[in-house]
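4 protein chains.
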Amino acid sequence: MARGVRPNHATILEDEGPREECAVFGIYGADEASAHTTLGLHALQHRGQEATGIVSFDGKRFHAQRGVGEVGTVLNKEDVIERLVGHAAIGHNRYATTGEGAVHNIQPLFAEFAFGGFAIAHNGNLTNAQALHDRLVHGGSLFQSTTDTEVIVHLIARSMRSTLVDRLVDALHQVEGAYSLVALSQKKLIGVRDPLGIRPLVLGRLGDAHIMASESCAFDIIGAEFIRDVEPGELLVIDESGITSLFPFAKQPSRFCVFEYIYFARPDSVMEGRGVYEARKRIGAELAAESHPEGGADVIVPVPDSGVPAAIGYAAASGVPFEYGIIRNHYVGRTFIEPTAQIRHLGVKLKHNANRSMVEGKRIILVDDSIVRGTTSRKIVEMMRSAGAKEIHMRISSPPTANPCYYGIDTPEKDDLIAARLDPAGIAKEIGADSLAFISIDGLYRAMGKDGRDNAAPAFCDACFTGDYPIRLIDRDNKKAAKRDPKPIA
Amino acid sequence: MARGVRPNHATILEDEGPREECAVFGIYGADEASAHTTLGLHALQHRGQEATGIVSFDGKRFHAQRGVGEVGTVLNKEDVIERLVGHAAIGHNRYATTGEGAVHNIQPLFAEFAFGGFAIAHNGNLTNAQALHDRLVHGGSLFQSTTDTEVIVHLIARSMRSTLVDRLVDALHQVEGAYSLVALSQKKLIGVRDPLGIRPLVLGRLGDAHIMASESCAFDIIGAEFIRDVEPGELLVIDESGITSLFPFAKQPSRFCVFEYIYFARPDSVMEGRGVYEARKRIGAELAAESHPEGGADVIVPVPDSGVPAAIGYAAASGVPFEYGIIRNHYVGRTFIEPTAQIRHLGVKLKHNANRSMVEGKRIILVDDSIVRGTTSRKIVEMMRSAGAKEIHMRISSPPTANPCYYGIDTPEKDDLIAARLDPAGIAKEIGADSLAFISIDGLYRAMGKDGRDNAAPAFCDACFTGDYPIRLIDRDNKKAAKRDPKPIA
Amino acid sequence: MARGVRPNHATILEDEGPREECAVFGIYGADEASAHTTLGLHALQHRGQEATGIVSFDGKRFHAQRGVGEVGTVLNKEDVIERLVGHAAIGHNRYATTGEGAVHNIQPLFAEFAFGGFAIAHNGNLTNAQALHDRLVHGGSLFQSTTDTEVIVHLIARSMRSTLVDRLVDALHQVEGAYSLVALSQKKLIGVRDPLGIRPLVLGRLGDAHIMASESCAFDIIGAEFIRDVEPGELLVIDESGITSLFPFAKQPSRFCVFEYIYFARPDSVMEGRGVYEARKRIGAELAAESHPEGGADVIVPVPDSGVPAAIGYAAASGVPFEYGIIRNHYVGRTFIEPTAQIRHLGVKLKHNANRSMVEGKRIILVDDSIVRGTTSRKIVEMMRSAGAKEIHMRISSPPTANPCYYGIDTPEKDDLIAARLDPAGIAKEIGADSLAFISIDGLYRAMGKDGRDNAAPAFCDACFTGDYPIRLIDRDNKKAAKRDPKPIA
Amino acid sequence: MARGVRPNHATILEDEGPREECAVFGIYGADEASAHTTLGLHALQHRGQEATGIVSFDGKRFHAQRGVGEVGTVLNKEDVIERLVGHAAIGHNRYATTGEGAVHNIQPLFAEFAFGGFAIAHNGNLTNAQALHDRLVHGGSLFQSTTDTEVIVHLIARSMRSTLVDRLVDALHQVEGAYSLVALSQKKLIGVRDPLGIRPLVLGRLGDAHIMASESCAFDIIGAEFIRDVEPGELLVIDESGITSLFPFAKQPSRFCVFEYIYFARPDSVMEGRGVYEARKRIGAELAAESHPEGGADVIVPVPDSGVPAAIGYAAASGVPFEYGIIRNHYVGRTFIEPTAQIRHLGVKLKHNANRSMVEGKRIILVDDSIVRGTTSRKIVEMMRSAGAKEIHMRISSPPTANPCYYGIDTPEKDDLIAARLDPAGIAKEIGADSLAFISIDGLYRAMGKDGRDNAAPAFCDACFTGDYPIRLIDRDNKKAAKRDPKPIA
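Residue numbers (this note's numbering), protein chains in the order written: chain A, 722 to 1211; chain B, 722 to 1211; chain C, 722 to 1211; chain D, 722 to 1211.
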């Protein structure tokens, strides 16, 4: 979806992390397809918590339920599930926008073409969505949402090809960017991954039904079997006659998003043949090998929860014990009273608290997955310091995040990225740590089983670290070229 | 809006009446345009109670608030009004549909054209909306609602004309049916009445601001001055340079809906130069002249509230005293517990009760505005009978309603209209009245100041009484010709 | 209930009228007793719209549902009715208080005594509630509400008598004030009217079931038969063995509230042998006889809705035609946006509008039931004036309201009553009418069938007009004697 | 609170654990006392998630906000915090009851005594509440809730002593059971722990303000300083003149609840001088020493989250690596669609998922804190088995839970406790584990720093393991003696 849309959180420590924007799920050939989809979306809740939706097809009619909130909120009523009947369904999780417009943006989008209904859900970001949008509007198309997904829908509607699959391919030949799509027509469930395979999409099976989802953990929750990753540039058509695999794009070397391993994916998912938990442990071990403090340390403390596997890997590699020196309050997901100025200076710890007995008087190594703005890291270091830590060495299981993502991850502008402004020593000073080290880009590739980064043909998309963007940024470049007039909104 | 959409009420006596489907309101040149619009929509609440909305423009941006419920529910929060800033706004009241789709159908519709934003609200019904819809979809247009209003929006988007007004005229030349529209662009407030002027639209002024509304009572609530009716076929453009009047259609004799006088409009509104309350009184007087029972009567009892003015006119003309023999419970608007079978046989009177002291032992004349299905009339007659009425003579201030409306009023299918099946004597028998008379069609025209109905050139649309439809019914005829396949829904 | 509790309305014209505070309903011996009670409370909605509740008994257990809102809101769900099972139930309508405390105040109150459960609902006001409350608290009783009803409950709990009826009588011998109570124990439905019979309570029958209610219109809605008024000072016990009538108090001449006839009761109710609608018509006729303007008038205009029957009586007596010169918007019950200062000066007419064609150029007689603060009357007169009325003569179907009610009607303090400050001429000037007349106190009694007020033994409570309070005002006098300290609230 | 009240959860794995029922918090002498209390209650959310409330005092008035839901739901609006003004406040978290009665049960309770307002909040359970309740009701007291806390309030109201503290002590001399109370009067904040100190209560300071809370983590969140535990049998009075410590009960050896260490308390809390996280690690180490499988193991897998610290301790002691073999979905707190029968057989894993790469082909040791009914353990073992675990050895960081708690923890009846029916071998068979061991009772005491359990004078309350109840169970014994009649409910 479009990068401009930002969630609006208030909890203190969640401000920091980059945020994945979407999850997709599709199933064909199952009784109670919507119930399966609801469960799959629940397992993928970490990829988008603020809106969700399902469109199902029962052989005659499509049924939709979309709303603001988590899966359990939007899809929790039995009658909803009873209403969303059918043997095929697709679903989507995303961050919501505020205001009236939000409802139109919640996916899956649904359109009624001349040849029938069509639903689509998208994870990723198109880099020429605005350009295509403007062209379509000039031709008389009316947009109802601000999602880039709707661009694809209009391109299908305007295509002169005759079959739905041909029209979809026609549309995808016009878009650029990262996308993993699932779509549902009256006959077919379709899944596509962009030619570079930047965002994940996996294929599974449950009895006679076929499933596609952003991550394999969505198969586990319903006891489905993982078959394989959908390949980069592959378009899968699932219908009564089974699965058909098409490769409608010119072949290119793939560039899967390495940040999925570092942060976004659930640790129990398997992506492109690698278990995420193990990948994180290997990154932790590599990090220990590269940058363990010379003076040693007493304890490895993960920043929960995303820093835990890397910390376990670091602890095992370094021989220093792993301990929960920070305790997370699991009830903070909910909106919370905004502390007034008078009590804000107390340094309120809504989400984390120091576990003083594990920290006091100790040399600690804090392991986290990334530093984005730096504000959270500063608070964590302060918390450790006031709990009595003697030395605080921060170790980060990713290289410095110095560039925004344009392929579907919600990151701040470059100016707000601390690593775009400061080197590690400068960051260490700003966050108050005694030392700070990031894993090197080559160390990261080694942890992923490579010999290091092959700069001529890198195996992953690592643009947020390297600035090496594998897909043109047309909208961004147009925007830079000419500051656009403010647009009316509805 | 499309006739297919039906509200789903449960209150017992409200089932009977025909229901107007919409009100529109537009204002240009006022501070707090949305507050004025909210009040105007409140005054027009009787024309549609189940959804409402406003789109405003503040010189830079459009702002929208639309929701299911009455005006006081959807637009009651100060912050909403604070958000809907601007000097121009349009608003709409309507009956809501159920399910997720409802939200997309709530007007005003908003579209972003290549040349800017555009909002539109519609009272009436297009008789070729489905035909146009199908043609547009085949050309690649995507519909988001099931309102016929969106057909107009797409026709504007696809028009090859250059200015907005020209595009709107281009679109209106393609549609057939009854419509009173208000529309808002970044520069203009536009109002249009269809060439026959079937639905009402009036023009007013408040200081420097200009206003258009379905009825003049929407001016009174804000102290605005009534200027004149918008004329049939007239297109008014209001902008910085003042008011411009266009007549883009071939001139035709007008055919204003006579049922607005009989039932829909508020009694304090003035339409086409006639006060509605007075018109109803005159109909009542004419009814007395035509059909006062030979044996005389003791008391004139209105069926509240819509039968009151005609009953007052009838009483004055006949010399028989007017009394409230039926008391209405004003709290019945709210949804109410569905009585169980066990107590339903008690003949529960949720909305009306007999005022026994005015009825017992008397020969009463019950005055009502119309009989649609006949079920309410039967209950009312029963209630009077069990309150001790000696004779019950029912007098109806409209001719028999024997034909459905296709021009914006929600009436049952012909088969459900009791007057399509039975003559007055048969109806009297079915509802249990001692006698029943409707005003004659000529009597109705006389009450409206004519010499009777000029069948060659009737002054009003009276299709629901006469079956003489002044505008072609294209969709209806197509539907009769070929039962369409069931369509997928979202 | 206690006078201190005030509803908080914002609609403009509703601020004026005095407000009845409660309705009660009880039924014994019916299947689906709660469904009958719900319908009865609905018919009594005019006596209290802001909170409602039911307690039922199913032979083993009591069930309760109480909430803020109208009957249709609080009691509309089928499952609620399904949950409130039983053959006996009592119910209550009232105005709600704001804040958390409100929930504790909603009646019926329920208490579990040593000898079993007990529910009670009350219409009226105790004049020594505070004194009793303070005495009970000193003895260790804990209050959960601020209703005077709870005082009765505690007196029952503390009574040393052995049977429930004896304990209730013991409690009632200690309280002073106006009350019509219904109560429900595991064995009995009990109804009581205070010795003067100030508030109404009627007895009815539906098949084998017995019913008590504040007004007879609650019988009509379920098709029940009116038997008789419960007599002043009578205590009715309804149980398996039928009805038992007790008169536990010393006999006194009754003093029924005359304002019930003038304003509060529904016109279709019958109270103390008089139909309310007819009583109002007779008051209107008497008013015409007393004070018809010498110069004559063109039209009688009721202030809707409560002024209508008196206006009909006035019109018939004076020979001047009755016309709806003011149209009421029936949708104003709902909360509405508070107009901002900028548009408030427009004189927004949310609830009423002039019907200009009936008013313009005419000498009108405005008939209303009462003037409390005078603000509404001023607005109504202004509205008529700006609709072109040539002369405006206001006629009021009650004597001047110059004293607060302490017996269960929510009236302003004496300082806020315009008739306590000004004579009719002064009020006429303040509200802008050309003339103003109230019915005389003797005229009122004549309309009620008396020869005039017998000052030695008046037939009604008319304290709000005469200041002749038939029951001591202990709490008011104590309060005057010593301004109490502010009390903590919860 | 009373044991009879049970929360009603549906999430699958949460069914198993015993549940703490309450948290209390009180503060005196702070600006924005309610904001501090809100934050403290948030930190204590793990002790009760279904209802919460605050009562504050501003020097003149008490203010209350209580509702169903988590702290962030009930207390999230700024205006609530703005309304709850004052320098002193108490708060409470608890499990909610369903139905109308729930609202009356939400604490803090508030009562207005003759000498002023009084609020109280309670963690624990009285074992003679029913007996006292019955006695009070016979004396004319009326109860509004079903909490045992209200018994204390009535005892205070009925006490003949003169000061509030004396009345409270008088009341507490009559109750038996476990309780940690905070109470607020117009002058004082009071805290009490029962003579055995079964439930926790700690004292802290923030600037000039004093605080009491169930756990020290409530101090950390607002940066307050931990001073000490309130001692068993101690009654602390905090007012303008500072802190006064009273010991109104006969001294007894303390019996702190050992289950607070094992499961309930947050790991970052410090209780009775012991850090909870460290205590759990020591239990894990002791467990390894007692029962490490002879054949060895490949990996230690905690059942998240409560099993984690013990698993870390176990891993360190045994030298076997600690790995997250089970991944928890953090979004499951929300209510979730009840899976239909058709998909339930899939073994849906809403809350946990196997991390296959850490489990497959391995001999694993599953570490959990307790086994209550056994159903969760069976599902966890199945999940591990189907993820390919070669051997599954379950190790439990508490002795077998064979007896219900009557002192404030919500446990099933004895018949539902699997350890009351089966020995460890039988349980292992039922849950499908290859082996199962609980820590021994002496091992548990060793981990707590003792030489083992001194059966003559055990240092802790361990009744759930040993059946050795240190306080009489009067209500339970009365109930056994005579099955009580069903009571009416409201």
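Calculated directly from the structure, the hints in this document are not laboratory data.
A hint or two may mislead.
Identical copies go unnamed one by one, so any copy, or any two together, can satisfy a pair.
Derived DSSO-like pairs: lysine-lysine, alpha-carbon spacing no greater than 30 Å straight-line [said to hold, decoys possible]:
| id | residue 1 | residue 2 |
| --- | --- | --- |
| 1 | K1111 | K1150 |
| 2 | K1111 | K972 |
| 3 | K1135 | K781 |
| 4 | K1200 | K1150 |
| 5 | K908 | K1200 |
| 6 | K781 | K972 |
| 7 | K1201 | K781 |
| 8 | K1200 | K781 |
| 9 | K1201 | K1111 |
| 10 | K1171 | K1200 |
| 11 | K1100 | K1135 |
| 12 | K1150 | K1100 |
| 13 | K1100 | K1111 |
| 14 | K1201 | K1135 |
| 15 | K1201 | K1100 |
| 16 | K1201 | K1150 |
| 17 | K1171 | K972 |
| 18 | K1201 | K1171 |
| 19 | K908 | K1150 |
Just so you know, these numbers come straight off a predicted model, no measurement behind them.
* Asked: Does the structure break any of the earlier hints, and which numbers would those be?
  -> 2, 4, 6, 9, 10, 15, 16, 18, 19
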